[in-house]
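Chemist: Chain by chain, the residues run as shown.
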Amino acid sequence: MLTPVVDDDGAPFWEYAARGELRVQACADCGEPRFPPRPCCPHCRSFASEWRLMSGKGRVWSYVVPHPPLLPEYAAQAPYNVIVVELAEAPRIRLVGNLVSEADAPLDGVAPERVRIGARVQAVFSSAGLPQWVLERP
Amino acid sequence: MAGLKDATAIVGIGQTPFAKHLPEDERTLACRAVLAALDDAGIAPGEVDALASYTMEETDEVQLAKAVGFGDLTFFSKVGYGGGGSCATVAHLAAAIATGQATVGVAWRSRKRGSGPRPWKNTSAQLPTPAQWTRPFGLLRPADEIGMLTRRYMHEYGATRDHLFNVALACRNRANQNPAAIMYDRPLTREMYMTSRWISEPLCLFDNCLETDGALACVVVSAARARDCPQRPAYIHSAAQGLPAQHHGMVNYWNDDPLTGPAWTAARHLWKHADLSPQDVDVAQIYDAFTPLIPLSLEGYGFCGRGEGGAFTEGGALEIGGRLPLNTGGGGLSEAYVHGFNLINEGVRQLRGTSTAQVPGAATCLVTAGEGVPTSALLLRS
Numbered sequence: 001m002l003t004p005v006v007d008d009d010g011a012p013f014w015e016y017a018a019r020g021e022l023r024v025q026a027c028a029d030c031g032e033p034r035f036p037p038r039p040c041c042p043h044c045r046s047f048a049s050e051w052r053l054m055s056g057k058g059r060v061w062s063y064v065v066p067h068p069p070l071l072p073e074y075a076a077q078a079p080y081n082v083i084v085v086e087l088a089e090a091p092r093i094r095l096v097g098n099l100v101s102e103a104d105a106p107l108d109g110v111a112p113e114r115v116r117i118g119a120r121v122q123a124v125f126s127s128a129g130l131p132q133w134v135l136e137r138p
Numbered sequence: 001m002a003g004l005k006d007a008t009a010i011v012g013i014g015q016t017p018f019a020k021h022l023p024e025d026e027r028t029l030a031c032r033a034v035l036a037a038l039d040d041a042g043i044a045p046g047e048v049d050a051l052a053s054y055t056m057e058e059t060d061e062v063q064l065a066k067a068v069g070f071g072d073l074t075f076f077s078k079v080g081y082g083g084g085g086s087c088a089t090v091a092h093l094a095a096a097i098a099t100g101q102a103t104v105g106v107a108w109r110s111r112k113r114g115s116g117p118r119p120w121k122n123t124s125a126q127l128p129t130p131a132q133w134t135r136p137f138g139l140l141r142p143a144d145e146i147g148m149l150t151r152r153y154m155h156e157y158g159a160t161r162d163h164l165f166n167v168a169l170a171c172r173n174r175a176n177q178n179p180a181a182i183m184y185d186r187p188l189t190r191e192m193y194m195t196s197r198w199i200s201e202p203l204c205l206f207d208n209c210l211e212t213d214g215a216l217a218c219v220v221v222s223a224a225r226a227r228d229c230p231q232r233p234a235y236i237h238s239a240a241q242g243l244p245a246q247h248h249g250m251v252n253y254w255n256d257d258p259l260t261g262p263a264w265t266a267a268r269h270l271w272k273h274a275d276l277s278p279q280d281v282d283v284a285q286i287y288d289a290f291t292p293l294i295p296l297s298l299e300g301y302g303f304c305g306r307g308e309g310g311a312f313t314e315g316g317a318l319e320i321g322g323r324l325p326l327n328t329g330g331g332g333l334s335e336a337y338v339h340g341f342n343l344i345n346e347g348v349r350q351l352r353g354t355s356t357a358q359v360p361g362a363a364t365c366l367v368t369a370g371e372g373v374p375t376s377a378l379l380l381r382s
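These protein sequence lines are chains A and B, in that order. Take 1 as the starting number for the first sequence in full-length UniProt numbering and just add one per residue. Take 1 as the starting number for the second sequence in full-length UniProt numbering and just add one per residue.
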């Protein structure tokens, strides 16, 4: 499976995720959250940032179901879901992820008809430190 | 921009055959397309002093200039973002010629994606740094990235797979009239579309462009010079690039408004500097790497309101005789996928009256580059 190739701006996100925390970058001056992480706030141009703890609650904004041809380890689990989650506390922060039955479960473990736009989800973390998502009401 | 309006014209077009596999390499194909375009323009290679292509073009200016015997070059430009750069190559030449930096410009694209490697088979190529937010989760290919936006678009506006089929069908019907098209002899039916295999739900096989080997080129000169060329000029009436605020490429999910793409930005500039409006467009060549890019672009370029792009495709609107005949050579979906350069040359053919699916009396043509990435557009007139 592909693992994130981390850059300086993104590193804190992955460090927190490895500890089981979902945090997003926000401006330490004007408070605007931003994603993906970057050096400067596009609202107030401040270079000061903080990493704000999120509840991990969100809703499915959209999803796709990829089929082969795919990289081998993904093809082995296809068709699987990929979702975009809109965070409850910051609706314009949207994270790409997978809807799984539990942390570390395979990517095709949730029946496709259970995946729908608007479904409430909760963040969990894989042992590899990737945020994943489970249905709030499975 | 007032200085660009109708100041230059495309006077030559050239292309190689299109196929899943061509035996010659990209550099050779580039030379053939460029020489064909110059021959069409009636201009000797030694007169060329400006070049423009895509950053993804593997044949560089030095190789091309030496191989075909150009003169001294005083302008060369490469535009980024894959298919978003197609129209900008011509726009850069037009700007260079209109401002006196050069006199004869050639834009080109040579590509072997039909027989070449597929990026998603190469793990390391899958992980440019921004992909840390998407690829580990199995969002691997452009079809997956655009499929995500498509699902949301369908959810918000009620667009359907039938609307996407209307796009695929219009392109295929035109390809069936074009002997140069890869899908010339392959009609498409609704049954075939609805039962085809998924690539990334909600996108099926026929929502995706072709994988093609081939090269194309065109020649740009001043309007004054164009009048002495053998072919009827296709005047560059307006041109624009577009990279909207907070845009994120094909994974535009991080934009406040992910469904307004670069087409909206390019369109505002394009129309602002034109004497024409969307109602004046006789025929359109709209970038179609994926069928949903058409309804999104129809909205962005102002042919219909927000969310109305799906419904716009109904009733044969995109067919010959419809409200906006689309991709009359077959487009990326059914003629050839060469990062959209075939759309430029087809636009020129329409204005010359020589298309294999000619729109009677076509005098204006919109050509667009890839929506979903920093893009560009041309408004051509005869």
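FYI, nobody ran anything at the bench for these hints, they're computed from the structure. Everything numeric in this text was worked out from a predicted model, so none of it was measured. Treat the hints with caution; some may be incorrect.
Claimed, not checked - Pair ranges (Cβ atoms, derived):
1) B:230 to A:39: 32 to 40 Å
2) A:19 to B:66: 51 to 59 Å
3) B:186 to A:105: 14 to 22 Å
4) B:361 to A:57: 56 to 64 Å
5) A:7 to B:306: 30 to 38 Å
6) B:66 to A:105: 54 to 62 Å
7) A:19 to B:256: 39 to 47 Å
8) B:224 to A:6: 30 to 38 Å
9) B:230 to A:32: 57 to 65 Å
10) B:256 to A:135: 20 to 28 Å
11) B:186 to A:21: 24 to 32 Å
12) A:21 to B:256: 21 to 29 Å
13) A:77 to B:187: 32 to 40 Å
14) A:77 to B:277: 43 to 51 Å
Heads up, the beta-carbon is just placed ideally off N, CA and C, and yes, glycines get one too.
Chemist: Could one say that the CB atoms of residue 224 (chain B) and residue 6 (chain A) fall in the range 30 to 38 Å?
Modeler: With Cβ atoms ~55 Å apart, the hint is violated.
Chemist: For residue 186 (chain B) and residue 105 (chain A), compare the CB-CB distance with the range 14 to 22 Å and indicate the outcome.
Modeler: violated, 42 Å
Chemist: Holds or violated: the 20 to 28 Å window for the beta-carbon distance between residue 256 (chain B) and residue 135 (chain A)?
Modeler: With a Cβ separation near 27 Å, residue 256 (chain B) and residue 135 (chain A) satisfy 20 to 28 Å, so the hint holds.
Chemist: Look at the Cβ atoms of residue 186 (chain B) and residue 21 (chain A) and judge whether their distance stays inside 24 to 32 Å.
Modeler: violated, 53 Å
Chemist: Using the Cβ atoms, figure out if residue 19 (chain A) sits within 39 to 47 Å of residue 256 (chain B).
Modeler: violated, 30 Å
Chemist: Check the following: the C-beta atoms of residue 21 (chain A) and residue 256 (chain B) are separated by a distance inside 21 to 29 Å.
Modeler: holds, 26 Å
Chemist: Range hint 30 to 38 Å: satisfied by the CB atoms of residue 7 (chain A) and residue 306 (chain B)?
Modeler: holds, 35 Å
Chemist: Mind checking the hinted window 54 to 62 Å against the Cβ distance between residue 66 (chain B) and residue 105 (chain A)?
Modeler: holds, 58 Å
Chemist: Is 51 to 59 Å respected by the C-beta to C-beta distance linking residue 19 (chain A) and residue 66 (chain B)?
Modeler: holds, 57 Å
Chemist: Using the Cβ atoms, figure out if residue 77 (chain A) sits within 43 to 51 Å of residue 277 (chain B).
Modeler: holds, 49 Å
Chemist: Please check whether residue 230 (chain B) and residue 39 (chain A) have a Cβ separation lying inside 32 to 40 Å.
Modeler: violated, 54 Å
Chemist: State, for the Cβ atoms of residue 230 (chain B) and residue 32 (chain A), whether the hinted interval 57 to 65 Å holds or is violated.
Modeler: holds, 58 Å
Of the numbered hints given earlier, the model fails hints 1, 3, 7, 8 and 11; all others are met.
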